[in-house]
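Enquirer: Protein chains in written order, with our numbering: chain Y, 1 to 338; chain V, 1 to 338; chain U, 1 to 338; chain X, 1 to 100; chain L, 1 to 100; chain H, 1 to 100.
Quick caveat, the hints were computed from the structure, so don't treat them as lab data.
Mixed in with the good hints there might be a few duds.
List time: in silico DSSO-like cross-link candidates among lysine-lysine, alpha-carbon distance up to 27 Å [unchecked claim]: (1) 206(V) <-> 98(L); (2) 206(U) <-> 98(H); (3) 98(X) <-> 206(Y); (4) 26(H) <-> 98(H); (5) 52(U) <-> 52(Y); (6) 26(L) <-> 98(L).
Chain X is nowhere near these chain V residues, computed Cβ spacing over 12 Å in every case [as the list claims (entries may be wrong)]: (7) 24; (8) 143; (9) 301; (10) 303; (11) 304.
Ideal Cβ placement from N, Cα and C applies to all residues, glycine included.
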Amino acid sequence: MVIQVTILPQADIISAMSTADLLQANLLSPYVLAFGLGVLAKLLRSDLALPKDVYTGLSIYLLFALGLKGGVELSEAPFGEIFLPAVATLALGVVTPVVAYAVLRRLGRLRPVDAAAIAAHYGSVSAVTFIAAQTFVRAVGETPEPYLATLLALLESPGIAVGLGLGLLATRRADHPVGGVMREVFTGRTMLLLVGGLIVGALTGKSGYEPIQPFYEGMFRGALTLFLLEMGLLAAERLSDLKRTGPFLVAFGVMIPVVHGALGAWAGTLAGLSPGGAAVLGAMAASASYIAAPPAVRMTLPEANPTYYLTASLAITFPFNLVAGIPLYYWFARLFAE
Amino acid sequence: MVIQVTILPQADIISAMSTADLLQANLLSPYVLAFGLGVLAKLLRSDLALPKDVYTGLSIYLLFALGLKGGVELSEAPFGEIFLPAVATLALGVVTPVVAYAVLRRLGRLRPVDAAAIAAHYGSVSAVTFIAAQTFVRAVGETPEPYLATLLALLESPGIAVGLGLGLLATRRADHPVGGVMREVFTGRTMLLLVGGLIVGALTGKSGYEPIQPFYEGMFRGALTLFLLEMGLLAAERLSDLKRTGPFLVAFGVMIPVVHGALGAWAGTLAGLSPGGAAVLGAMAASASYIAAPPAVRMTLPEANPTYYLTASLAITFPFNLVAGIPLYYWFARLFAE
Amino acid sequence: MVIQVTILPQADIISAMSTADLLQANLLSPYVLAFGLGVLAKLLRSDLALPKDVYTGLSIYLLFALGLKGGVELSEAPFGEIFLPAVATLALGVVTPVVAYAVLRRLGRLRPVDAAAIAAHYGSVSAVTFIAAQTFVRAVGETPEPYLATLLALLESPGIAVGLGLGLLATRRADHPVGGVMREVFTGRTMLLLVGGLIVGALTGKSGYEPIQPFYEGMFRGALTLFLLEMGLLAAERLSDLKRTGPFLVAFGVMIPVVHGALGAWAGTLAGLSPGGAAVLGAMAASASYIAAPPAVRMTLPEANPTYYLTASLAITFPFNLVAGIPLYYWFARLFAE
Amino acid sequence: MALTPLRLVTIVAEPVLESRLVRDLKALGASGWTLTESRGEGSRGMRASDVPGEGIRLEVVASPETADRIVAHVAEHYFPNYAVIAWVCEVQVVRGEKYV
Amino acid sequence: MALTPLRLVTIVAEPVLESRLVRDLKALGASGWTLTESRGEGSRGMRASDVPGEGIRLEVVASPETADRIVAHVAEHYFPNYAVIAWVCEVQVVRGEKYV
Amino acid sequence: MALTPLRLVTIVAEPVLESRLVRDLKALGASGWTLTESRGEGSRGMRASDVPGEGIRLEVVASPETADRIVAHVAEHYFPNYAVIAWVCEVQVVRGEKYV
Ligand SMILES: Nc1ncnc2c1ncn2[C@@H]1O[C@H](COP(=O)(O)O)[C@@H](O)[C@H]1O
Ligand SMILES: Nc1ncnc2c1ncn2[C@@H]1O[C@H](COP(=O)(O)O)[C@@H](O)[C@H]1O
Ligand SMILES: Nc1ncnc2c1ncn2[C@@H]1O[C@H](COP(=O)(O)O)[C@@H](O)[C@H]1O
Ligand code: NA
Ligand code: NA
Ligand code: NA
């Protein structure tokens, strides 16, 4: 918040107004409403839950669809364009976990291993936040760059590796082999479907994609709504843990995305992305992983308390980004673009 | 049957003919045929079965889709219109379980607790029967009122509460707390998805619904076919229990829907519904719950024999309504409308 | 391969070129690419896997969709036309397992029971191979006969029965009742959905099919892609068994489909099928069952080693047909048609 | 390796009883529970679910006294009217102090 | 709480055997059975399913005699050619008269 | 029917440990394993999964020595930091020679 006021004071009033509009439009989107319904259902102690296999099936579908579409678009984009944004993305993957770690240690006084574990999550990315951001910027009339899904794939692993490395240094096990765990991240469901989808999409091209488009594109947003309903249930399930994690982690889960989101939108703008693309990159940087990072962290840093990193990323940062963060990063991106 | 002949003799011949046509059209719909295929498969002792998680996933999808669409339509309907139909629906929710209970006690000489347990099921409603009825009346050219899904939500709980109350009175445990169980009905999957969908749909409106419409509306009928295939398997699985339940329950499972269906169509007509809407309300009143009611009854009235209520609602009344009841209630509704 | 060169030398050059084109088009289709991604994922030891219930649900969907569409088309086709192709199909169902058995015994020197078990698989058919073949010939501009799905249903069981019979003769248990197991094949998921779908489709016709078409046809190819991803995972899982099965079975799994495929395309052409239809019949004959046959064989011939028949049909013949076989059988069919 | 002799109580019941049984187990002193989904057949065959034959299989590691309490409670409250079976087995538990 | 000492037979087998095993169990005198789905690995590693490693895990509470019959039957009919493992455990069963 | 007295080790753990536990079990001499999916609650309640409460339930039939090794290994490597419970039970195994 500090950032927006000090850097660009003059565009203040107009943008503030339109931010409120954006926020309202976002709040009434079926995605945010479905998430809210999930939260409400859990608070009412409903037995509603997507069966585990359906939840996994849906997440496979969403990731593969994301990759496919990205790949098809990639096959039509001039490849050189992607270079600068890719560098910016990798830089974000290194900088954001370090920033998060420093804040957690200095301001939060967390144990090094807990700080590192959380940093690994905030250095990585949430695919659903990416999807929500892309859907949002498209809804407000932007046409984000076709290669953003490629950036998503690039941003997943570096942050996890940096976080794990910080944790191993902190627990004086710098000799511990991270290789095995990082291999599992690289070959994990998320990466494989995303990168695999990109490759399949790029190879098969527009004509190959056409017959499968009704399934992967026509159903995409509806399926996303159902997935967000379940995400609401899962996030709300963790709300009761907030007591155990304390107020600092709540503040962290709201403030750090704003910092990372501004950083991402700024880096994206510098790298030549459109306001829509920069906003999505901001949302990626601001988001925290809750699928790929947790098992990697659990295996490598078992002393870290999982309640901390899961509650922060799933119950605080994810909803914050979905509801308020994404419109905010778009507002940042438009400011930076001027 | 008695009702139709005595009340409106003059319109007899024309409507009888068109009822035969309607019945045939209904029998050859993919929904009824898929249900029949499920029954056949079970009779042939096939190993065909939708996996449990897929079945649950499908039912979540159908209920949420129902709610969403209803909510979007609601957001465009003048709200006052719904008042009389809502009152009629609540009245049906109180009257139908009492009628069912009286018939079961007087004519069937069932134990009070068994009569109450069955009454709870027939006082509530089957969402799939509702969907089938709505699909049917649309197929014959009617445009049922947009707020019918709201009535569906209103009809689910009162009948269960009345049935449970009768059962507790009968077992002299009037002091037993029904509150907990009714809270579970209210926060159960069915209610939450339906009411939640209504709210999400109403808030997001036409423009928010548009991008998710291909998923929730385009796929709806195809998914329903698959669901009915599984319903056929489940219903046929219970057919062998008919021996144990005896002929009275079979007669009850066919006759009471006709009575409740006529009552519902009549009440709907009185409340100002179109023939299509009154037919759907008739089908709702005629239907028996087999998802929300069973666990509530099992928890509160454990002495009641589950074979009775599950066989009656799932293996007798559900198929009867699907195959013959719905066209019949539509025929009632047209008679009453004249 | 021998066959193509010796039988029709003069059309050699043109067709060879276009075969290469077809092969390339096939390789870049999303279906083959998705299968390849699955193989790759398993080789990278990824944890990616479709949940079992989703896999079963998808296969139910694909088979039922196949039957439904076939039934609707059947309801519009002159029924007499199907007679000769049906006879040809049944003949293939008897001849192909005998050919396979002879080759396995004479050239491979396998135990009689193992030879019979494998023959049962190659005498039956893989529905996914059928779908891939139909998709392929449609993509190259053919319009295969509408009743091919009916032939698929006809080809499933005879080969299994012949294979089991050979096995029981070989193990001197000719008195063993095959009836029970064959009943399970006839009422198994595959047959029921396929034949049931055909009947439902034929009865409901074009007008009944229309509202469910977006689900069963619009989604079909996309769902197929996801299914083939999982098939790639399953096939690759068996690759490590190739060491145990030895080089003969690998050669068998590649050569016998070519022989059966040529036979099928030739029989189809004789029976009056178009090149597209004959190619699909060739692919059916060339394919090996891996869903219906394994449990039947396991129950009746438990002494046979499952690793042999599963690896051959799933890890060798299925990928071969998907990648190279189908274009080849189409090339055969065009040659035979001249 | 020091193992603690404790009791393993296994309860197979109708799914509708899940939340009630879990609440009871905790109230009776169980330190935890493990549930797997099951299906099955028994003598009563009555069960209130749209999907027939489904069940839940609960396992609880507990001290002999707690195990006795659980077993007595299940026998009294659930046996008369619900499809339930329960058995007890002697087990040696790793770091068993935790579960007493 | 009066508990009856009985036997718990656990059989892990290939899914293809489900209906046959259940039929056999009833014929051998079992009053019921509980099944959970499993996966696993063993020494034989042969299994006829398109999904490798899947299995079923059957539990039967029975009298010592019935348990013996079940175990002997499984050993004779299924061990030679199928991927099966079976073990028996002494358990104390609530209202155990029912299951004898 | 000749039964072999062996040990049944049951381990309930976080899903994230599956591949590591299976690797360890084989290295410690287990001839096989059976896994069922579970959910549950315990005293620690910490678990790293987006779906709370999920677990895996591993069963291993083994000789007393192997069982001891497994139990000791689990206690040392997994108890301090992971949500794990393990118990051992005496069982009579059909054709038990195979699993020693
Ligand atoms: N003898 C038995 N052995 C194992 N499980 C049983 C047995 N009898 C009943 N069950 C289980 O307990 C549930 C309820 O049984 P019942 O109350 O006898 O109908 C069944 O669905 C089975 O899962
Ligand atoms: N030692 C063991 N402990 C536990 N389960 C086993 C063991 N050996 C085999 N199994 C189970 O029995 C099935 C068949 O084993 P097998 O016949 O040895 O291939 C495996 O899939 C496992 O689920
Ligand atoms: N007393 C118990 N009885 C049965 N299972 C337990 C018990 N305590 C813990 N568990 C299981 O072990 C897992 C981890 O427990 P904990 O490490 O105590 O949090 C739980 O999720 C349960 O599945
Ligand atoms: Na991030
Ligand atoms: Na009703
Ligand atoms: Na074949």
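Enquirer: When the hints from earlier in the document are held up against this structure, which numbers fail?
Expert: The structure breaks hints 1, 2, 3, 9, 10, 11; every other hint is satisfied.
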